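Trainee: So the chains spell out like this:
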Amino acid sequence: MTDQISLQQRRIERVEMRGIVKRFPGVLANDHIDFEVRAGEIHALLGENGAGKTTLMNILYGLYRPDQGQIAINGQVVAIHSPANAIRLGIGMIHQHFMLVPTLSVVENVALGLPSSRGFLLDLDVVTERIRHLSQTYGLKVDPAAMVWQLAVGEQQRVEILKALYRGADLLILDEPTAVLTPQEVEELFTTLRRMAREGHALIFISHKLHEVLSISDRVTVLRDGRVVKTLPTAEATREDLARLMVGREVLLRVERPPVKLGDPVLRLEDLWADSDKGVPALRGVSLQVRSGEILGIAGVSGNGQRELAEVIAGLRPPTQGRIIIAGVDTTGWSPERLLKHGLAYIPEERMRDGVIRDFSVEENLILKNHTDRPYASGIFMNFGKIAEYADNLIANFDIRTPSRDTPLKNLSGGNIQKMVLARELSREPRVLIAAQPTRGVDISATEYIHRQLVAQRAKGTATLLISEDLDEILNLSDRIAVMYEGQIVGIVDQHEATVEQLGLMMAGAHRT
Amino acid sequence: MHQRVARDAKPRMLMESLLGALTPLFATLTALLVGAAMLLILGANPLEAYSAMLRGAFGSTNAVADTLVKATPLLFVGVGICIAFRGGVLNIGGEGQLVAGAVAATTVALALPQWPGWAIIPLCLIVGFLAGALWGGIAGALKAYLNVNEILSTIMLNMIAVQGMNFLLRGPLMDPVQIESGSFIPQTARFSTTTDLPRLVPTRLHAGAALAVILAILIYIFLWRTTIGYRIRAVGLNPDASRAAGINVKRYMMLSLVLSGALAGLGGAVQVLGLHHRMFTDGSATGFTGGAGFNGIVAALFGKLHPLGTIPASVLFGALLVGANQMQRAVQVPSSFITALNGLVVVFVVGSDILSRRRARRRESLPSAEVPALDVQPEAEV
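Protein chains in written order, with the working numbering: chain A, 1 to 513; chain B, 1 to 382.
Treat the hints with care, since some could be wrong.
As the list claims (entries may be wrong) - Here are the simulated DMTMM-like cross-link-like pairs (lysine to aspartate or glutamate), alpha carbons at most 20 Å apart as the crow flies: (1) A:278 to B:240; (2) B:250 to A:337; (3) A:341 to B:240; (4) A:460 to A:256; (5) A:209 to A:236; (6) A:410 to A:429; (7) B:250 to B:240; (8) A:230 to A:36; (9) B:304 to A:359; (10) A:410 to B:240; (11) A:141 to A:125; (12) A:230 to A:212.
Calculated from the structure, these hints are not laboratory results. Note that the structure is predicted; figures quoted are calculated from it, not measured.
Whenever a hint applies, use it, and build me the whole structure from the sequences.
Mentor: Rendered as structure tokens:
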């Protein structure tokens, strides 16, 4: 304990994790990991889902205790038993999901849990002053008096960073901080992070996005299957190198999109309006069309009507106005059952809620949309022989990694669950495919696979509406890109004419064409 | 990586399902142990008491027959409960559905005394089945189309069924002999013997027990081998995904309540045709059902909501009910002890189920072999 008190006076110069081992039942999450971060550097921790990044950082932040290994700060071995402990040592962590109280103001959130300088009386004015000072030093624009629920996601993230800085964090761990931001917000965040590094902070940046790692970090440590594959200066790394280190084999980062002869418009939306769950209009007059053999990307910051758009087309949410025409037939108001018989496939954004039945087996999930069709059923009786054949076929063709077709779906990884959904939807040879966030939370090899399948489906003449918050994905796959903002399409651009900057501006509602 | 999972998973899963099957048994034994402590406090010898109980339930052909007779309505209700709970609706209306089925069968049996057995028995059973279906269906329709909580509606329908029964048995259906003699006991006349269900052995055991077992098997096949059963289970596990997959969620929710009620209604018809040969009331539902509408739910939970598991579970509860009477006589404990013992079993079984489910959830939330860490909150450690 005395070590830690003396440490408090000194800033963190160097944090070392040596030989860290962490086992969970049935898996070795961290296997003798050595990791080091120094003041003034941004150190990226790169790896696929399940590589052990978050486990390692949770150990550093005191959420888990390592089975073996030690942590040393400025050369002194320390024991970190809890986040409170970590904070006292000068370590802060920004989680993927923010830990803020929405009904309180920014100041109140920052002051929450800290002793007041006035004993039982609040000292919010003092806190406000310090927040102002911190925001100026690091370029973190936040109004201290604003209520958190009124803030955009990017601003909430800044509050989280302020909270950590306010608590004296010298080392800041950021767990996939860009996942929720627009390209412009990402740029702002990066500016802040660079400034913090200049001020002598140490930063750990967890990510699986290669271009971000390349643009922000000074050094990269790549993890795979719980082990450190390599630590190298970012300047010496290329995108391809990092991808190979991360996955353990060559990865195609860009999918080849061979030219396809476009057919007739298969999906047409005419002045479509719909309400959100809260009963306010979420879609405000969307009109667009997707032709056979075309992928139309819908870009936008989440919450601008993309979810409602997908649900309305899939028959899960009634439109309040407008028409949906699929293959020349007005399908407005059709039930999901009729729509899927008419050739509509749907990869829902929230796959665990809307896409799969987690307690059903892989096989039962694969048959979810055609279990009444011949030959999988005769009359009301299911034909398990044929279903097993069908399931085994899809498991092989779509590379679904599962111990068997009888395994409960919930035992599969996110990427494999998504491959299962893809297999189910694409195997029905759809005319129209709605793919909402098809690779969210999916690792890079599964993402690569899913992208290839979507492009292959395009070659077969399916009209695809691709809704994604990942601009790379949109740019990589789409033939045309529509940007949604506040329930409207603010512009549609051809893929080869689109730039990230232009799309980013449109996503922020700044630019209408 | 997934190769390793495949090898590890098999024996572990086997162990777990074995453990899962034995858990309710351990819970019952624990309940009996606590019961033993209560017996000691009451000044009775627990060993003597429990051996009397065992004798009472299984000691003779008659005892076994009585146990099975008691188990029969539990099984009818319990199998129905399996359907409802698998479909994601909580049917607490077994009592009312039993009564509805019994009253309907009684009315038909009394109205057609001349009909031969081969015609009247199936007719009564079908009418009981339909009456139960209607009683469950009301709650189902309210749930599906007006979003009325089915727990409340089924409980309230229990009351309505009981008052309907009281009205009929004190009025139109009352035994004419009772009216003539002026004793006005609220019961019907004995049905024509043509309606009696055949006896299986020369005891009180009637063919209804066999019918219940056959139905349990059929419902098992229905739930796991047919597209309708598949849809019911899908809707019960995830209504959102079911809807997105084109399943009419409301229709299948309603169907599961209809079928659940129908089985209980059939159970009610079997009770009057096989056992009582008349209908009677003491003013409450329990007076006629013996609480089978509620105990059937417990039997179904005990059987892990599996129709085949519900068969032994029903026999166990039947034995508990029959054996308890013998125990009461043997060691002279107050009858409320028997109720308490029953309650103990229920508490321990339901509690063990909650505990083992929580254990499973915790194991699941910890990274399994294929899905390491991610953003697991350290729930297990604090």
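Trainee: Each of the hints needs a verdict: does it hold here or not?
Mentor: Each hint tested on the structure:
| no. | hint | result |
| --- | --- | --- |
| 1 | A:278 to B:240 | holds (18 Å) |
| 2 | B:250 to A:337 | holds (14 Å) |
| 3 | A:341 to B:240 | holds (19 Å) |
| 4 | A:460 to A:256 | holds (15 Å) |
| 5 | A:209 to A:236 | holds (17 Å) |
| 6 | A:410 to A:429 | violated (26 Å) |
| 7 | B:250 to B:240 | holds (11 Å) |
| 8 | A:230 to A:36 | holds (12 Å) |
| 9 | B:304 to A:359 | holds (15 Å) |
| 10 | A:410 to B:240 | holds (16 Å) |
| 11 | A:141 to A:125 | holds (18 Å) |
| 12 | A:230 to A:212 | holds (18 Å) |
In summary, the structure is inconsistent with hint 6 from the numbered list given earlier, while agreeing with all the others.
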